[in-house]
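Trainee: The lines below spell out each chain.
Number of protein chains: 4
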Amino acid sequence: MGGSGYAGGEFLRLALGHPNLEVTQVTSERNANTPVSLVHPNLRGRTNLKFRKAADLDGADIVVLALPHNSAAKRIAEFEAKGKTLVDLSADFRLKDPEVYRAVYGEDHPAPEKLKDWVYGNPELHREDLRGATRIACAGCFATSVILALYPVLKLGALAPKDIIATGLVGSSAAGASSSDSSHHPERAGSLRVYKPVGHRHGAEAQQELPGNFPLHLTAISTPRVRGILTTVQAWVPDGWSERDVWSAYREVYGAEPFIRIVKVARGLHRYPDPMLLDGTNYCDIGFEMDQDTGRVVLMSAIDNLVKGTAGHAIQSLNIANGWEETTGLEFTGLHPA
Amino acid sequence: MGGSGYAGGEFLRLALGHPNLEVTQVTSERNANTPVSLVHPNLRGRTNLKFRKAADLDGADIVVLALPHNSAAKRIAEFEAKGKTLVDLSADFRLKDPEVYRAVYGEDHPAPEKLKDWVYGNPELHREDLRGATRIACAGCFATSVILALYPVLKLGALAPKDIIATGLVGSSAAGASSSDSSHHPERAGSLRVYKPVGHRHGAEAQQELPGNFPLHLTAISTPRVRGILTTVQAWVPDGWSERDVWSAYREVYGAEPFIRIVKVARGLHRYPDPMLLDGTNYCDIGFEMDQDTGRVVLMSAIDNLVKGTAGHAIQSLNIANGWEETTGLEFTGLHPA
Amino acid sequence: MGGSGYAGGEFLRLALGHPNLEVTQVTSERNANTPVSLVHPNLRGRTNLKFRKAADLDGADIVVLALPHNSAAKRIAEFEAKGKTLVDLSADFRLKDPEVYRAVYGEDHPAPEKLKDWVYGNPELHREDLRGATRIACAGCFATSVILALYPVLKLGALAPKDIIATGLVGSSAAGASSSDSSHHPERAGSLRVYKPVGHRHGAEAQQELPGNFPLHLTAISTPRVRGILTTVQAWVPDGWSERDVWSAYREVYGAEPFIRIVKVARGLHRYPDPMLLDGTNYCDIGFEMDQDTGRVVLMSAIDNLVKGTAGHAIQSLNIANGWEETTGLEFTGLHPA
Amino acid sequence: MGGSGYAGGEFLRLALGHPNLEVTQVTSERNANTPVSLVHPNLRGRTNLKFRKAADLDGADIVVLALPHNSAAKRIAEFEAKGKTLVDLSADFRLKDPEVYRAVYGEDHPAPEKLKDWVYGNPELHREDLRGATRIACAGCFATSVILALYPVLKLGALAPKDIIATGLVGSSAAGASSSDSSHHPERAGSLRVYKPVGHRHGAEAQQELPGNFPLHLTAISTPRVRGILTTVQAWVPDGWSERDVWSAYREVYGAEPFIRIVKVARGLHRYPDPMLLDGTNYCDIGFEMDQDTGRVVLMSAIDNLVKGTAGHAIQSLNIANGWEETTGLEFTGLHPA
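If you're matching them up, the sequences are chains A, B, C and D in order.
The C-terminal position of the first sequence is numbered 1411 in our numbering, with every residue numbered one higher than the one before it.
The C-terminal position of the second sequence is numbered 1411 in our numbering, with every residue numbered one higher than the one before it.
The C-terminal position of the third sequence is numbered 1411 in our numbering, with every residue numbered one higher than the one before it.
The C-terminal position of the fourth sequence is numbered 1411 in our numbering, with every residue numbered one higher than the one before it.
In short, the hints are calculated from the structure, not lab data.
A quick note: this is a predicted structure, and the numbers were derived from the prediction, not measured.
Be careful, since some hints might not be right.
Pairs count within a copy or across copies, as identical chains cannot be separated in the list.
Stated by the list, open to error - Each computed DSSO-like pair below joins lysine-lysine, with the alpha-carbon atoms no more than 30 Å apart:
no., residue 1, residue 2
1, LYS1228, LYS1269
2, LYS1126, LYS1337
3, LYS1228, LYS1123
4, LYS1337, LYS1155
Same shape as in the complex, but just chain A (with noise of 0.2 Å):
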């Protein structure tokens, strides 16, 4: 559903390349008719579907849901009558608590008893309750990069209870398919533009989803980037404890995940996490690094904001919900040079 958007694409270009995923139909009111590969063309010759209408859609096993933010929700019901298991990629029902919802996107939920329904998409911590799921709802792109860098170190105490800043340089294309001012390329080809100093919206969704209540403050900075997010997080370790701490609490913690890497190199130019390396990957690189004199720990995560940030992180939820190998249709390993 919404097939057009830079989302929906990506999901396509994942889906297509799955070998136990079979995409039988994609929906877009604008392009209803148009070839799927005129609107994504990176798809030429891999696909031959027309875009219809969301009228038109038969069931189907699997629906997902890339439609603009509210969308979702307010038509549930008709989502639900079409397939069995439902994935949405917007922010509809990644907020458990309805309360925090209003407060966050400014009205009520169109259908709060549904959020107890939906697992939240981010398989690093909720694998177990993705098993099996029906109904996914992926993590937001900024979210999952603050997520993946802070939950280690949180769930095992190695942050002093001091203020966190997570500071967010992310791509253009998290703004989505559809042109406007700021995305006029003599605009933003060369700008650093400070674009949400300070409320964004994911801070709640990190909110919910981290160990402990500290205080967790975003900053988010548009770069010429296209697609990825670097994510530099500023934080304190507690007295007495080590870079090295930090180092085990990570490999505790994410030892045996697939699509984490901690990059922490002593030399060359590839030291920490670089999305540079990340396009078409599902990777989340994580980094650190310690000043000794003063406790501070500055970490870092990258991801691609489009596959790791959404449409990926939907393949490897679903690949857990159908009991599938977990890497399954994501072995794309990224470029060098890029």
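Starting from the known structure of chain A, arrange chains B, C and D on it as the hints suggest.
Mentor: Chains B, C and D in isolation, oriented as in the chain A frame:
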């Protein structure tokens, strides 16, 4: 008139720094009552002017028309009543022959009887005509890069009578300040897009202005730059001619030009013209290289499309028209690195 | 052999994901004992191999030579002793005529008696020769973009006997993995640099491979992209021929090609080939447009220079040589947006 | 001295356009006898000077030192003999305390007895000290962006006594004109690279110059821009303070500053500082935004690292030192689009 676009904004930047010009009014229907510096943020602290509606325009010594194609010609009587000198940055008064205009723009010229009043605003070719001129039709940006590369060699017979092919690599600002699907950053940032393989309208301008009667072909490709045009022209010298003859032609014709630099260096990085070095400047850099085996010569020109291709050209023409030092207000050197 | 450069790294990426290939050894004199994934950080988690010195190389079924120009030919006896099948990514065995080699590279070929053993590694032209081949000389990247754009129209007589001009817009990875003044980011990021207006060495490859005897001229320009080549070819159809004939030529010759897509769409953003869409893929996208008034036709081709221009070409050739499905290991679709 | 680097080149650009300065000599050991405009191609047509060796330097009223770190201090007696006024663009004379210098740079200061002679070249903080000064140690670029963002709010008590965190996004020109693996275009063009998560040397400069005694933490990230620094500072206002108080602090301290603009606009694209608009200018744009729920304030500053961060700062300081109009030679407005 129409000061909210990129051509208008660039003219404003230059005019505000010009000792003999005073900017008294700027119009924009869409932005009426908005401070100019909100739309052109580089002018913060340089002007307190607000946009006004065209209907509110008072008379002025010079009226600069930075309107969409075909607007200036349709309303020419209105503008003639407002100012003694008119400078048009659009294509409306560039072509002298209404038949050619109709063939190129697909409609009748709205004021064909006025065409003879206008000087084609290319100082290198029309300096004498510009002295005292009160109607200046600024040359097109791609046309300028083609004309300036070819004029000396055609004038002095340094090219054989074969097809001439000009390939222009163009930045995104050439498409103007309005956002569109093709200017959407994620679609444009990494793109090398052939947007006009054949049929570019500036071919008619170049044919009109260049000596001789030869087949001239244009191809235009958009690049990830914001400003700038790099044009390579493929041509052939007559039998027995050498690269030295080409050099002589440029030197003879352009030897005293204040804004043309011949760039042909034997070593180093910057051996030929490169628009990277020209952002904000009024220079047209010109280079060339000959294939000894075949007599093929590659002519190259680089400009900033908004300066030497539009607003700088206009200022230079105004300087000549008014008897001012030709370089006044156009002293910016350009940046390196950039 | 020589696995620390970009061509070698790209071959590694593809080979590690290829079900019929097992990478057992990688050499690099400079990086001996260093993990491969430190030099090619996209391979983190994909291989634990370390570079070894060439002297320590054990035998292998296939030996891939990714050495600087002229190295493979000088040491060819050494490499023939190491592996049954040799694939050379350099220029050493592409030209069949030692005289041409001398003219192009300025020195005698080190092993002219071996030249006849090698198949020019362009699957579209030499598929039959490649079956069972054990010496594969991968085609050059710019040559590939020129050859694939021209082969069908020349073969089927769709071009008039006039000069043909190919202009290649090339990304920075084509110059290799070693830093230099010309690759310094501040000098390259905004540059449009004509680096080879005349005399590009790949002209000889194209002349060798293309049918007919016509003057072919190349100009190469570096762009701010990292990967990719966009080539525009300026040519003329014979009198009486139409764009439809051009289309027929491509369809007849390339109709069954798995990695060639004809891209010529009447509407939308993506009407012609664009390297933006091809990073990491083995596609060559081909388009064209004809000027009805003059018979000029602009042919366009786009490739990823490191894949279809180098390592993907090599894998495709190996697939053919070994009787494997031709697309094996080359399934990556490409990203959009990118 | 040392005029072939980016800082030296930028000083030359500004000095050649300065009505009160005459550039008589430029040194570069590596480029001796080479025309300056071959190394700084933007100066083509602006100067015929050639580089000379330092040993051939004649005396001058003003000697500008653009040498690598630690060179100026070691040879300070030599330079004092050459000119009445010395301007150092390196870090050698910025820190007043030799112990701090040793801690930061890991070696003893070569001329600690000279440190007291030098004025820290930040006009906004040291305007009075600069009048008549003959030893000017230009402030570091990242330090400048941090200091100018924080000075008014610290001076007027508008920040709570909590950790302050500054994150700087830096362009590639900050690493200088020499190519290296980390500046290789294919490795840098798409990169967001945390190059100094902790321990940036400019922290000591900021600590020295800023009022109060608070913990200040720096993180530096390289971006795909060539010029420019965008710094975001995370801090907290004291209980009961509002964003209006922050605004008052900036207005009170910077109200008359010619090169500081407060950029905080309610609508449009350009609501906060953006280095995109500052290339080539001497402006420092400053903005801020407060989170009403937490008292967190995000301060933002943007500069061109080579102008307000280096050479423009130097010119501004020289203007003050010599009693010239402070903006002389620094009138360039900046480009939009850019």
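Trainee: Please flag the earlier hints that this structure goes against, numbers listed from lowest up.
Mentor: Numbers 3 and 4 - these are the hints that the structure violates, sorted from lowest upward.
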